[in-house]
Amino acid sequence: MNRGYEGTVAAPYESTSAGIKDRQGTLARLMIAPAIAYIVALIGIPFVMAILYSLSDVTTGDPSVDLVGLRNYREVFNDPVFRLSLKNTCLFALVSQTLVIVLSRILATLLMKEFRGKWLARFLVMLPWTAPIALGTIGWLWMLDSIFSPIDWLFRRAGLLGAPGDLLGPMTNLYWLGEPVLAMASVIFVHVWRLLPLATVIQLAGLSSISKEILEAAEVDGAAGWRKTLEITIPLTLPIIGIAFLFGLVFTFTDMTVVYVLTRGGPVHSTQVLSTWTFFKGIEGGDLAQGAAISLFLFPVLAGVAALLLRMARRAEVT
Amino acid sequence: MGRAKRRLISRRDFLKAAGLGAAAAGLGPAIVLPGRSYAQAKELKILVWSHFVPRFDKEWFDTFTKNWGKANGVNVTVDHIGLAEIPSRTAAEISAGQGHDLIEWIAPPSQFEPSVLDLGDVVKEAERRFGKQHPLCRRSSYNPNTKKFYSFCPGWTIDPGCYRKSLWEKAGKGTGPVTWEDLVTYGGKIKREQGIQLGIGLSQELDSNMAGRALLWSYDSGIQDENENVALNNPKTVEAVRYMARLYKEAMVPEVFAWTAVSNNQALIAGRASYILNSISAYRSAQKEVPEIAKDIYFTPALKGPRGSGWVSEHVIYNYLVPKYSKNADTAKKFLLALVENYDQAMYASELYNSPAFFDAPIPSGNRGYAPVKGAKKLRDLHNAWFENDPFAIPGEAKGKLSVLKDAEKWSTVVGHPGPASPAVGEVFATFIIPNMYAGGARGTKAEEAVAQAEKQVKAIYAKWREKGLVGGKR
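Protein sequence lines, in the order shown, are assigned to chains A and B.
The letter at position 235 of the first sequence is residue 235 when you use the numbering used here, and the numbering goes up by one with no holes.
The letter at position 317 of the second sequence is residue 317 when you use the numbering used here, and the numbering goes up by one with no holes.
Please note that the accuracy of each hint is not assured.
To be verified - Under the rule of at most 27 Å between Cα atoms (straight-line distance), these lysine-lysine pairs were calculated in the BS3-like manner:
1) A:LYS87 to B:LYS446
2) B:LYS304 to B:LYS173
3) A:LYS87 to B:LYS304
No lab work stands behind these hints: they were computed from the structure.
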């Protein structure tokens, strides 16, 4: 916009000792260099190393790399635990993110309204996001303990558990992490608890950006309640809902803390996910090569999700 | 309070004695290993696990290393890390080619063999000075295929059964279980009549792994044979899986599928388990937290299977490795010898959690930080005397409760039993194949199928490590 003006004024300086800040190309390259160096060092090199490791026979005790082709991938795919982990990873990610989107939408809608103590409600909603994930999950491990679970205690006090004929059964505890279905539900629940605040904030931003005029016009035309939600707010915030969904998907796909702390993949691998199986095989078991191969199975999914994310972000920006 | 009064040795006395012991070790022979001079060494970095008995680290190990360093002109740094962090930390240091000079594992670290020094010379020197190393420790640190000591094992921990006497008395078996079948018969009866389950873990954690192996060996089966051939899929393993399914149904609840390494301790201390398979750490915790429960806890040796065999795995096997990158290997080796020399203090400071690898090692003279044991000349004498008359018993506790542990090395074995430890044994252990095999059976998978699935995983692991020349056998 101002190039002509800048050009005429800047010309005398460029010809003599043009400062680095006047050379836009150089300045841009310099400013982006740290980011590129960071990405290359902390993402690029480890990624290339992971590919190299997955094609080799490297172990934790023998870092020398001898290439073995696709052997690790074949062996990994023949392993029933890997196939179960892959299935569980997808299940956990999709179910927890669907719940996150629905619940965050409800929360965001509530938080858009004016009410007493709104700041406290917002603070409480954000709390799980501010706690380190490992600490938060350890808290849930105690809540779901097989002996001392306060949730079970509440059920017992309410007369729902612990005596013959009780709704939840005669046993003293529900054994949240010891029954496959309850263990899965617990892992999904903790993921939802953890990611709900981020999704709520994203959805709040989306709802805030809808023009009041559009909403008022819709109301004048007779749209209210569900109709307004389904035909106005959801379509207008769809790109941002997509971003919240995909962000959560990436977090869930790559997270190992929740499963590792809560169940270590049990009972009988029913909550095993790719990230924990990578750790058990690659680090604890010493087979770094197979660990790398397992972790790379996530790459196509995550790359696809990342591409989608970028595309949606651009679309949201245009909107 | 009563306990503090009863102690003949105060904390301060013990610290003093630990220092004296370390100094004495430093003033011992200047040349420990032939042809090696330690005078040039100035630094030693040691990475050890945070011991389950906190006073071991605080009151003994840290003081001992500090004083040993002072006496030998070595600047010693000790870093303690949690048990779960040891594998990743070791892998990171080996990969980076720098880090600690000595790293302590509590399992055989056989997968690191290509990157660590052969400690055969330390074993040789230790055996010259302290007598034979117990085979259990040797088999956990030596690879018979490459003839290399990939680590040095100065001690181990016993894994007895712990039972609540009052509950078993009411069920008609006050002496506690003798066979695995007793767990079904009397453990089941206790659960039905007294509402207390028993706790053998079927989860992805350390104790479940140990218990699963004990059952397998007591049923005359094993993951491998003595020549490191995979031997898991056989009728005796199927029999063991069927037994576990029965035991779960009769005497346990689903909590065992979710257990962590401390869960069985917690269950026993909370009065919610009639029997667990664990070291004496649960009992020691109960002595401090719930004395009434502690007084009711008694111990059993390995339970016998249907044909009379009875084995348990060592609960912890202490293994020190020296990475090839270490510039202070000679100092590290000298430290290991000093550790063995002072293992009487390690046993005492761990409240008898640690047992020695060198039973014939002489007890150093002077104030050792504990009440002298009459007639005791070797670690074996101390081991027997302390288990007969527990110096940490609380007032009002029956005498001789730990005496069944005196000959524990006769019914304890290594994780690779009847063969040696190896990287394949380690990976089978780390991926929890055995507890999951039993858990599958207990949750309704056909025993034959659970065993076949486990064998498939085990065979793939063995084939891989065999190709690298670190595991013997052919099938």
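Results of checking the hints against the structure:
no.	hint	result
1	A:LYS87 to B:LYS446	23 Å, holds
2	B:LYS304 to B:LYS173	16 Å, holds
3	A:LYS87 to B:LYS304	41 Å, violated
Of the numbered hints stated above, the single one contradicted by the structure is hint 3.
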